[in-house]
Amino acid sequence: MTLTRPKSLRDLALEHLRDRIVGGDLKMGQALSERGISDELGVSKSPVREALAQLRDEGLVTIEPQKGARVFTLSEHEVDQICDFRQAIETAAFEIALNRNQEKLAKDMARIVKEMEAARKSGNEAKYLSLDTAFHQAIFQNCGNDYLSASYDRYVGKIGALRTHLSALPQHTELSFEEHVGLSEAVARSDMLEIKRLLAEHIDRTRQTYSSSIDLA
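Quick note: the sequence shown uses the working numbering, first residue -9, plus one each step.
Bear in mind the hints are in silico, worked out from the structure with no lab data behind them.
Incorrect hints may appear among the rest.
Simulated pairs of lysine-lysine, DSBU-like, Cα-Cα distance not exceeding 35 angstroms [to be verified]: (1) Lys17 - Lys104; (2) Lys35 - Lys104; (3) Lys17 - Lys(-3); (4) Lys57 - Lys35; (5) Lys148 - Lys94; (6) Lys35 - Lys186.
All figures in this text were calculated on a predicted structure; none of them were measured in a lab.
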């Protein structure tokens, strides 16, 4: 019998805060009070402080002396860098996954796309966004390269929070879903040229949509 180790208070605080940031309950730039979070969770400040330090390492929180902690914010330049990072690392992972686990990757993506469609039809935006993240993680889960996976996992929360932010903009989710369908179909055909083209369009639209959201702000 395998016993499941209970989560520490630090891990509970970390999971709570990460989920609220990625889910958009805590907005970009919002101030975070250690005391307020401690009272909300019914824990001391110590595990909250440790959780905030981990979130800082993940890029989800900024901490300044005498000013405290805030949810991260992104400039256009930072979004450009995230998009460049995603383009490079996801392309590399796709190429390896197609060579090593094409059938499994195609099966995983087809399943996730089907679930994404169901979430859209039911109006479950949180579920859809979670599946969007799972779609891209499937690339790394099937490429079998721990270094690529670890590099992506380090920023998956920040990418997810950006995804949530953009989902509120007109037609973004609809276009995103169509792109996921196209990528899934290209994987089923093992068409790397089409995957590269669609992935470039998909990620570049993130860049353009964020730039437009700043202009409208």
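The hints, checked one at a time:
no., hint, verdict
1, Lys17 - Lys104, "holds, 30 angstroms"
2, Lys35 - Lys104, "violated, 42 angstroms"
3, Lys17 - Lys(-3), "holds, 26 angstroms"
4, Lys57 - Lys35, "holds, 16 angstroms"
5, Lys148 - Lys94, "holds, 27 angstroms"
6, Lys35 - Lys186, "violated, 46 angstroms"
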